[in-house]
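Starting from the structure of chain H, add chain E where the hints point.
Protein chains: 2
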Amino acid sequence: MTSPLADLRVQIDQADDDLVAVLARRARLTAEVGTLKSRHGLPLYVPEREAQLLATRREKATAAGIDPDLIEDILRRVMRESYSSQESDFPAAGDRSRAVVIVGGGGALGRCLASFFTRSGYHVRIFEKDDWERAPALLADAGLVLVAVPIEHTCAVIAKLPKLPDDCILADITSIKQAPLAAMLSAHRGPVLGLHPMFGPDIRSLAKQVVVVCPGRDPTRCQWLIEQLGIWGAVLREELPERHDRAMELIQAMRHFTSMVYGIFLQRENADLDELMRLSSPIYRLELAMVGRLFAQSPQLYADIIMAADGLPALLDQYRSVLDDLLKRVREKQRDELIEDFNSAREYFGELAPALLRESSELLRKAHDARDPSAQHEQSRARDRALPSARES
Amino acid sequence: MTSPLADLRVQIDQADDDLVAVLARRARLTAEVGTLKSRHGLPLYVPEREAQLLATRREKATAAGIDPDLIEDILRRVMRESYSSQESDFPAAGDRSRAVVIVGGGGALGRCLASFFTRSGYHVRIFEKDDWERAPALLADAGLVLVAVPIEHTCAVIAKLPKLPDDCILADITSIKQAPLAAMLSAHRGPVLGLHPMFGPDIRSLAKQVVVVCPGRDPTRCQWLIEQLGIWGAVLREELPERHDRAMELIQAMRHFTSMVYGIFLQRENADLDELMRLSSPIYRLELAMVGRLFAQSPQLYADIIMAADGLPALLDQYRSVLDDLLKRVREKQRDELIEDFNSAREYFGELAPALLRESSELLRKAHDARDPSAQHEQSRARDRALPSARES
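As you go down the protein sequences, you meet chains H and E in turn.
Residue 1036 in our numbering sits at position 214 of the first sequence, with consecutive numbering throughout.
Residue 1053 in our numbering sits at position 231 of the second sequence, with consecutive numbering throughout.
A few of these clues could be false.
[Unchecked claim] Simulated restraints, written as ranges between beta carbons of each label pair: (1) E/Ser-937 x H/Leu-827: 23 to 31 Å; (2) H/Asp-889 x E/Arg-831: 36 to 44 Å; (3) H/Pro-1176 x E/Gln-874: 39 to 47 Å; (4) H/Glu-1159 x E/Asp-1146: 18 to 26 Å; (5) H/Arg-956 x E/Asp-1094: 39 to 47 Å; (6) E/Asp-1094 x H/Arg-1180: 18 to 26 Å; (7) H/Val-832 x E/Asp-953: 45 to 53 Å.
Just so you know, the hints here were simulated from the structure itself, not pulled from any lab data.
Virtual Cβ for every residue (Gly too), placed ideally from N, Cα, C.
Bound-form chain H, shown alone (with noise of 0.2 Å):
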């Protein structure tokens, strides 16, 4: 019997090596498609040739007689790492010849968009704290100043920045933009724009990542730094200021604020994480990571995102308001009024309620396929000792 499973073992063996070298032919050929791209100025980012490529291969799986869901996945997984790899270079949308002076460069988010800059040519200066003195020098010939200071100096720095060039884009990407846009408008005379960039600075693409535009002044002068950003992959989405600040408080500060509360909550309570960790569902799972992510990341960051967030005390107080009323249908043992708060919100959902559990839903079954039972916060008791702690009673 060892016999034949281990000979269809070593076919499946071989299998897998046809799948890498498959995978390196293919990362070759997306090597040229982007140093090609790159020469003729072409953007990296085709969101038609991608449906229609994964279109195709989707009808020759399924008459292959596989699921075309998992070429779909494969194809997907396999087309972010070209994007990574594809961007050695990049096309400039703008003038070379001024300067990118990044305000607050040295910082993780300022760090990875300099990156971008350079690789499309531009000449880029960082212009951090001790710099004021040098100001006047480092501005001069600037075409675009970008401020990407924490949020709390952010209006602060843009009043103290010295006079720019009348057609230079002076530009934020802090996560509010209000009080910034406010704050540019007064400070510069010429072209003005309110970015909030909605990914971190571990990126290694900006394909598909999604930015905020709030235009402020001039948006003619300013299209050449959207343009960039749509040659770098990234997908802009344009918003009013307050529209946007109103969304960030209910999604951004909220859930921040929601998860800290939550993870001091268990803190408090002394729960035994790993075996949180041990018991948890992939969706329980994903709970306890969504909190316990936070706490890895800048407590100044997440204070400053908080703290900025001035609509926050009285959304919380509705938040608050809410967790009461239901908190009293628990007490209360009130299991029919509970269900009717449910259906009401299950209404406002709407249709989008079956979507994200469908979204969610495929995207717990990766985590799943990534999980590794033997790993560390993974050990099973029951299995390595055979149930020998079975009690009677």
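Frame of chain H, contents of chain E only:
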């Protein structure tokens, strides 16, 4: 210029066709492995073989100049597919001449488990709420009675069961364990086992799925059921019922409850969900998904989980007091104190925080791979309209 690009694209399409062919060949081979294993009663999921296969392929990928994480991600996704297609038949660890009776087997998870028992050749009987008159006949030769009714009915149903054969296992799959175990130990003299499957009825394979096991009585006679779950691929985690229930209150009940609060909060704020989705980064999208998915599911199920968690009101009081403490920090602009709270929780999370950050960041990258910015809820206004609404102020 278009000609060399077109030529490269033809070659990429050829590579992708080869990829489909290799995957189809691999699928045929793993199906044969499945048949062979099933015939010889071998376990489906062999962690050592999986780990060795991945390690070898990672080495080969590195040698071929491609990222080893790419090949590992792809192979894990492929293995998910082969686990679910390998499960046509399973060996039995128990006595197939004795019936498996699933009380409440008409429910989603009951049906799911019934299909596994059937595929291992057991004779499965479904016992529903109209079957009480036939109960003695249905249960007379049972080797296993598995209670799979909604939480609120579990203990009453157990108490109402007629006398079972002395060597029959009485088990349940309720998401709380203390009360059902006590009810089972008092209703039955023979082997008793509490189970909590940490997955939903939508899974296609039990491979690597966690089942929490709370031994009740006579572990020797319960052993075949433990082994049976292992044959299907499940990972068993033994736990004391008190500790299990406490952990589930902290994670399951609290997270469901606070997600419900957040969803109803968004409703009361009348937040524009389409806009929130449109402006979301992958992480905020996932946060919204974790909340929204709740409202696509059964209100009764969630109400029951929340109502059955006896410790929930006390935990919510504690949660609420943390919320109030942090809200005070925000209102009174106590930035340093907020950072102190954060750092203290960071210490509590310890090494788990960076591990969860890495794990969830990789998952967010996978979510991003799957993203199609041209899809519903993803329309980009900025690109389509080339920033026409740019405003001057």
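Status of each hint after checking the structure:
{"no.": "1", "hint": "E/Ser-937 x H/Leu-827: 23 to 31 Å", "verdict": "holds (26 Å)"}
{"no.": "2", "hint": "H/Asp-889 x E/Arg-831: 36 to 44 Å", "verdict": "violated (25 Å)"}
{"no.": "3", "hint": "H/Pro-1176 x E/Gln-874: 39 to 47 Å", "verdict": "holds (40 Å)"}
{"no.": "4", "hint": "H/Glu-1159 x E/Asp-1146: 18 to 26 Å", "verdict": "holds (25 Å)"}
{"no.": "5", "hint": "H/Arg-956 x E/Asp-1094: 39 to 47 Å", "verdict": "holds (45 Å)"}
{"no.": "6", "hint": "E/Asp-1094 x H/Arg-1180: 18 to 26 Å", "verdict": "holds (22 Å)"}
{"no.": "7", "hint": "H/Val-832 x E/Asp-953: 45 to 53 Å", "verdict": "holds (51 Å)"}
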